[in-house]
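Put chain B on the given structure of chain A with help from the hints.
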Amino acid sequence: MTYFRQLVMSRELLFNLVSREVKGQYRRTVLGQLWSLINPLATMLVYSVVFGLIFRAGPPPGDPSGLDIYALWLMSGLLVWTFFARVVNQGLDSLVANANLIQKVYFPRMHLVLATMLSTAMTWCFELGVLIVALHLFGGFPLPWLPLLLVYMVLLALFATGVSMLLAIFNVHFRDTKHFVTILLQLWMYLTPILYPIQLVENAVGNKPWLLTIYRLNPMEHFVQAFRDLLYNNRLPTLGDSLWCLGAALVAFLIGYAVFSRSEKRLAELL
Amino acid sequence: MTEPAVIVDHVSKKFRLYHERNQSLKSALMRRRTTVHEDFWAVRDVSFEVPAGKTFGLLGRNGSGKSTLLKMLARIYTPDEGSITARGRVASLLEVGSGFHPELSGRENIFLNGAILGLSRKEVKARYDEIVEFSGVEQFIDQPIKNYSSGMYVRLGFSVAINVRPDILVVDEVLAVGDGAFRAKSEQKFRELTESGCTVIVVSHSLTQMRDLCHTVAWMEHGRVREIGDAQTVTDAYEKSLKTEG
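Taken in sequence, the protein lines are chains A and B. Adding 666 to a residue's 1-based position in the first sequence gives its number in the working numbering. Adding 1 to a residue's 1-based position in the second sequence gives its number in the working numbering.
Treat the hints with care, since some could be wrong.
Claimed, not checked - Computed beta-carbon distance windows for the label pairs:
hint, chain 1, residue 1, chain 2, residue 2, range
1, B, SER150, A, VAL712, 43 to 49 Å
2, B, ASN63, A, ILE880, 57 to 63 Å
3, B, ASP46, A, GLN672, 26 to 32 Å
4, B, GLU39, A, LEU697, 52 to 58 Å
5, B, SER84, A, LEU697, 41 to 47 Å
6, A, LEU851, B, ASP130, 46 to 52 Å
7, A, GLN672, B, ARG166, 19 to 25 Å
8, B, ASP130, A, LYS931, 33 to 39 Å
9, B, ASN63, A, GLN672, 29 to 35 Å
10, A, LEU851, B, ASP46, 46 to 52 Å
11, B, GLU228, A, LEU936, 31 to 37 Å
12, A, ARG841, B, SER197, 43 to 49 Å
13, B, ARG184, A, MET855, 52 to 58 Å
14, B, ALA127, A, ARG841, 41 to 47 Å
Hints were generated in silico from the structure; no laboratory data involved. We put the CB at the ideal spot given by N, CA and C, even for glycine.
Extracted from the complex, chain B is given alone in its bound form:
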């Protein structure tokens, strides 16, 4: 029996929908005291546990609250109700190349991006060669990255992110970067990561990937968990509903 690495306990998140969202002082004054808004619960009363070292998938249609939940797991949003407990270092991979500065070289951006993702300078130095080699942009590493092709850009970003090696990794659809060869390489790397004991929470629309990578899958609908369980069963049920409900 393994300790849960992440405990999500009755978590809810609401957003305010303003009927006239105009971020200016004038509109704030004109509105007087009664603000016109509705509460929209993007995530409603969600609870689950992710055991350490397992891969957990979130399924659901657009707008079902997956990404909001993911952002709460990544500490970008704070829940309005309930709590999220994580044991260990959490890194989030919601976008590749966060904070890249176009005028700086690939080398400088590796250190910058690494720091943003929570690595110390020493850690980046230790992994530097691996990062560069994995990205396959050695030749251009001292060029400003604004001269990179978009493929090189995401490959470099992905290489830094995958080398963060956190205890808990939160991923949003980023496995689909680069060309076919790079994608195979990154899937391989990702598998190594999960096998080495990293807990992963992933959102993906690729059902094959879900069956392949995840141990447990939660199916979300309208902000709530509709079904949770073994990856194969839940993914099949979701696939069936996609066909019947159109």
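Chain A extracted, bound-state conformation:
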């Protein structure tokens, strides 16, 4: 029986693991699910003051949407990043955190990473929904782009899951991975045009355009641009960005899947 068939056959376990994560997360908090909204709002406030007011990052107005609000522009990109970072951070820890379960029961281990991704995706959809409503209130019109947005959400999820599966295996072998990735993600975020527009980078590189080419090798740059085009600018993402997203999603997921399914048999003894 192939590994993929095993995964499909035990899908009910996946749903149960997801609901364990979702239900367990905000138990015993007064505000419950609202916390998943308060966190991004607080981040938005901090970044808007620092980068919007003090540093004057000044992104160009949305074309053709005409929106010109830093906070909304920021969130259209930041949400892409927070999803990626959360899936990678929690997914890479999911095997070590569930070591006890892995050593006592057999089930396809990939469900642990997939469950982290899906439970993150559920709170994320909620946040995206609020952003979409806010974009409409302030004059944008992302509604017609929602079906296409869904496609890019799937691509982003594949990309994040692939990276997460690969790192989860690394983390079983070397527990340093977790700490290393925390730092790496921080650097990575600042190297992605989330808080500032890419035009600032274009100006900064001056007569060394190859620097910009290197900067744009980052798949997250293309994901952020594509989501911003759909949500903030209300236009079709460029072909280049779309191909990058598709390519990065497939490559990351296939590598992650292959490495994970090959290593999974020995996980119980390695943990």
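Quick look at chain B alone, frame taken from chain A:
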């Protein structure tokens, strides 16, 4: 003549003993290419068959390889050599309450634990009343299980596990849970299970239980099978060796 439900064919499992097992990148780099380890064969060339519907016991001292073998039967470990063939659904009961989430209620945990043990939602629903009744925690079923006493916790875990009703059940010492009354109840339930045609492979240190429950017993020593045969004979031989070899 019944078909064997489980065939264990020349199975071996080795573990690597590292002299400095330090799971960090630094030590991996410092070690250079020569890793310092020894192979330790926890299970060495073990073969046996378990006929369908029979109960098979594994005896042996600590470190004789029983649990490693059991984990291979439960598919948690994969053998390094040889193969294990099982006909039918295998469920393992190496621990009660695997995957219980302390903040979730007893009810939610029954569904979660059932799914982990391989039951579909429909199956759990169908057995739900039986599980709750058997565990005797009806009154607290909607409370988060972190408020349960340890006895209630294991009783709930055991009730889910015993209701999985697989074709082949792999059990490790879990019959010894709860107080006297619950233990009697669970032994009764366990007997019903074996009588209903479930194949059981069990590890236990209780020799009385072994004689009582098992048809065939294998005595393991240093990763190999020392003796295999009728439960009474092998258990007696093992008991004698415990006395003489100290």
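Verification of the supplied hints:
Checked against the hint of 43 to 49 Å, the pair B/SER150 and A/VAL712 passes, with Cβ atoms roughly 45 Å apart. Checking the proposed 57 to 63 Å range against B/ASN63 and A/ILE880 shows it holds: the Cβ atoms sit about 59 Å from each other. The hinted range of 26 to 32 Å is satisfied by B/ASP46 and A/GLN672, whose Cβ atoms lie roughly 29 Å apart. With their beta carbons about 55 Å apart, B/GLU39 and A/LEU697 fall inside the hinted range of 52 to 58 Å.
Between B/SER84 and A/LEU697 the beta carbon distance is about 54 Å. The supplied range of 41 to 47 Å is therefore violated. Here the CB-CB span from A/LEU851 to B/ASP130 is close to 48 Å, well matched to the stated 46 to 52 Å. A C-beta distance of roughly 21 Å is found between A/GLN672 and B/ARG166, which places it inside the suggested range of 19 to 25 Å. Here the CB-CB span from B/ASP130 to A/LYS931 is close to 38 Å, well matched to the stated 33 to 39 Å.
With their beta carbons about 34 Å apart, B/ASN63 and A/GLN672 fall inside the hinted range of 29 to 35 Å. A hinted range of 46 to 52 Å holds for the C-beta pair A/LEU851 and B/ASP46, which are about 48 Å apart. The given range of 31 to 37 Å is respected by B/GLU228 and A/LEU936, whose C-beta atoms sit roughly 33 Å from each other. Distance hint check: the CB atoms of A/ARG841 and B/SER197 are about 45 Å apart, consistent with the given range 43 to 49 Å.
For B/ARG184 and A/MET855, the Cβ-Cβ distance of about 56 Å falls inside the hinted range of 52 to 58 Å, so the restraint holds. Our hint of 41 to 47 Å for B/ALA127 and A/ARG841 holds, since their Cβ atoms are close to 42 Å apart.
The structure fails to meet hint 5 from the earlier list, while all remaining hints are met.
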